[in-house]
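Engineer: The whole structure should be built from the sequences, with the hints applied where relevant.
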Amino acid sequence: MTTASDPSYPAHWEADVVLRDGGTARIRPITTEDAGRLVSFYEQVSDESKYYRFFAPYPRLSDRDVRRFTHHDYVDRVGLAATIGGEFIGTVRFDRIGPDGRPASAPADEAEVAFLVQDAHQGRGVASALLEHIGAVARERGIRRFAAEVLPANTKMIKVFTDVGYQQKRSFEDGSVHLTLDLEPTAESLAVQRAREQRAEARSVQRLLAPGSVAVIGASRSGAGVGATALRNLRDGGFRGHLYAVNEARAPGMEGDLLEGVRAYRGLADIGAPVDLAVIAVPAGRVPDAVAACGEHGVQGLVVLSAGYGESGPAGLARQRELVRQVRSYGMRLIGPNAFGVINTAPEVGLNASLAPAPASARGRIGLFTQSGAIGIALLSALLRRGEGLSSFVSAGNRADVSGNDILQYWYEDEATDVALMYLETLGNPRKFTRLARRTAAAKPVVVARGGRHTPAGHVVPGTRLPEATVSELLRQAGVIRVDTVTELVDVGLLLAGQPLPAGPRVAILGNSESLGVLTYDACLTEGLRPLPPLDLTTAAGPADFRAALCAALASGDCDAVVVTAIPSVSDRELADDLAQALRQAVAEVPGKPVAVVHVELGELVEALSAARGASPAAPAAEPLPPAGPPAGADGGPGGHGADGGPGVEGPGRIPAYPAAERAVKAVAEAVRYARWRRDNAETGHVPEYEDIDEAGAAARLATLLAGVDAGAVLTLDEDAARDLLARYGIRVLPTLPAPSPDAAVRAARVLGYPVALKTTAPHLRHRADLGGVRLDLTTEAELRRSYEELTDALGKPAELQPVVQAMAPRGVDTVVRATVDAAAGAVLSFGLAGVASELLGDTAHGLVPATDRDAAALIRSIRTAPLLFGWRGSDPVDTPALEELLLRLSRLVDDHPEVTGVSLEPVVVATEGLSVLSATVRVAHPPVRTDLGPRTLPSY
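Just so it is clear: in the sequence shown, position 142 is 142 by this note's numbering, and no numbers are missing.
The reader is advised that the hints may include incorrect statements.
[Claimed, not checked] Between beta-carbon pairs, the in silico distance windows are:
1. 720 - 155: 56 to 64 angstroms
2. 12 - 714: 40 to 48 angstroms
3. 270 - 12: 41 to 49 angstroms
4. 718 - 688: 25 to 33 angstroms
5. 718 - 21: 52 to 60 angstroms
6. 735 - 700: 44 to 52 angstroms
7. 36 - 714: 31 to 39 angstroms
8. 289 - 54: 48 to 56 angstroms
9. 688 - 186: 13 to 21 angstroms
10. 704 - 782: 37 to 45 angstroms
11. 708 - 764: 26 to 34 angstroms
12. 469 - 720: 34 to 42 angstroms
13. 776 - 514: 53 to 61 angstroms
Since the hints were derived computationally from the structure, they do not count as laboratory data.
Ideal Cβ placement from N, Cα and C applies to all residues, glycine included.
Structural biologist: What follows is the structure, given as structure tokens:
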């Protein structure tokens, strides 16, 4: 008899999931304590659904049925339930069977599976989520195939099985459809799973940002406090739906009275109408009661402004975790706690459920996500001050539930958002974030500022051991525009929202100040751009001169972007308006290239330029970029009008202005790099297949090596085991022979053949040729004996040095190739030159696994010392194709076998033909749970 408190209960199977309509459910194992819930659930299922499940009328469950469906051994018989509010809404079970179809135990690897979903919850994706989770459980228990019998009329359930993406067989036997599903994940099943995840999570955010009705819980009659502020902002922001205030202190009989001009009630139950979104602004101690009331009333989502949670210490953290459990138990999602709020400027919504008053006209094409309320205020103010509006804004506070990943899922398909700006203090799931960011960045820019190197209070997320520079590089490889400050976040966002992408790095500079032009020129060189000589229009230049010069630059085939510099000659409003109009006209006459303005003490010009909304037709991108997802705007690129083309939506007529040349050029440079990434990723690379890879043999070898190794322990393989494992993936390590004495060294050299190398392998001398621990090109016995004596005299006794002899490799460039598995970020491939270049200067490139052929080629070319591989100063180029193949083979090894936690190949000598791996270190461990490959789950921190 198993209960949730028994040691044998598989608690790791519990998970919260987002359903197709954006609501949530909890999936957990069924226990003996669930008999009453099971009976109640079955009573609410229609006769038709019961018939489909049992192939006959089955009005009620017998006591024997209830016992069978609630007593499981969690090995051969497993049952899972999807629950909301603690009650069952769907169940699934499997029973292991043998070849004869009768009950069996391991090693039988097939099981019969069956579902039942409450009619009121059919169509929400409950069965699909249950199938993902029961499939993962089955694989864990050694089951490789599911068999199912379905009546032909039960088309919904047949579709659940056929749409999952597993390899399957179908036949018609004895009046039913017999399905067999191979449970091994495939590329198709993973794609199906991720597409469902995207739709569900995007829908869950949409329910929060586009509610039909909102209730503010905790709005005071005095008008003070965050509740009253949120209520006023909702009212004044022109919310299009129904708005209610809830104040428990109201006297009985006053329900429906006005509070801040809004109908007020003592409790949600008194409203008598549906409420989609609740904004909770009561003390933390009263939040659980408010959440319970929301759950009972059928509220879909919450914004919790209340503080006193994870940011306040251990007690608050425990309170925060309980809050998430309570919210999800009712099928709701949560923004917060300690949140600043949400804004949606869509004209049909008009939602400002935040603490920041924003005018209703502040509508634009930028989506903004922050984890900090203070930074959110600063970013909102900066964008509005510079004339840029928003499509949506989410400030998630402690982000205990809804995170930046969820918002990215929403923005990916949101036609109102052209540019995504994110201020992140933590990356809760870097592996998932980079995957989502790569997909989103293929359709619209994603700009990220990281706000710290350590996890702030209230943000309970798994940490990463990777250096910040490595994380930043991985984000850039995923197409993320990584900036360092919130100022840069705004600067880059303004350019991308208002201007087309540049086709290349050539920048024309023109203006009425020679000195400012030179500063801009220098800034371009610093950012790696290719500036043309600045065009000085002199201080006598008027608006017509600027217009003519800008038209000429935009029409020229010699530049890809233009930076206009302006200093005050006559500082009055009329001149600023005229100059802004002249620049806008030039952009309208010759569209297709981005323009940025650098001004000095010309505040009036900034206002005039930012006032240009929809002043000109949408300009196409200078170089068409291939579609890679939903269009970012009507023109398919950043800066286009929305689908309605209505007033107040930013168009490319708005030209961004910057008070410093460095800031303008930085924004242009980021746009150039992003456009290059879009072009480079238009054609995705592929992961090559190598016929000589022995994946099965490697798996068997790893299983043998890890037998007896404790969970959590890391085993460093000895030299022979490491060489054997790598050889199964076509990575040959030059053999070494121990040389504990001069005579042993001579015998080893005779076996390997001269010339040889003599080197120490002691940990403190490993890879330290600079300390004299290596002797190369020893061609005779005499040279070998002499070198052995010199080595031991200088560095210590043979027992300390652990000398070895190795055959000489062809001369070449010494490099280092590594693979590291980080619990949060996943497997990372690294490459650099051996020695000072990679160690002291940090000249190491990093890439995500699995790497494609394009990734490997880009990786070796991205380090600053890459010219040494391609014939620097007349030297012979080395065999970079062989180096790329080595990277790809190592990537395959760590991707195929999560037991491999780290590999270091150092040095790898790359010659003009071929390469030689001289030393290898391999670490292995029992693999951790891969949440990105398992069934869909919400994180539980």
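Engineer: None of the hints should be skipped; say for each whether it holds.
Structural biologist: Each hint tested on the structure:
{"no.": "1", "hint": "720 - 155: 56 to 64 angstroms", "in the structure": "58 angstroms, holds"}
{"no.": "2", "hint": "12 - 714: 40 to 48 angstroms", "in the structure": "21 angstroms, violated"}
{"no.": "3", "hint": "270 - 12: 41 to 49 angstroms", "in the structure": "42 angstroms, holds"}
{"no.": "4", "hint": "718 - 688: 25 to 33 angstroms", "in the structure": "30 angstroms, holds"}
{"no.": "5", "hint": "718 - 21: 52 to 60 angstroms", "in the structure": "55 angstroms, holds"}
{"no.": "6", "hint": "735 - 700: 44 to 52 angstroms", "in the structure": "23 angstroms, violated"}
{"no.": "7", "hint": "36 - 714: 31 to 39 angstroms", "in the structure": "46 angstroms, violated"}
{"no.": "8", "hint": "289 - 54: 48 to 56 angstroms", "in the structure": "42 angstroms, violated"}
{"no.": "9", "hint": "688 - 186: 13 to 21 angstroms", "in the structure": "19 angstroms, holds"}
{"no.": "10", "hint": "704 - 782: 37 to 45 angstroms", "in the structure": "44 angstroms, holds"}
{"no.": "11", "hint": "708 - 764: 26 to 34 angstroms", "in the structure": "30 angstroms, holds"}
{"no.": "12", "hint": "469 - 720: 34 to 42 angstroms", "in the structure": "35 angstroms, holds"}
{"no.": "13", "hint": "776 - 514: 53 to 61 angstroms", "in the structure": "57 angstroms, holds"}
In summary, the numbered hints that this structure violates are 2, 6, 7, 8.
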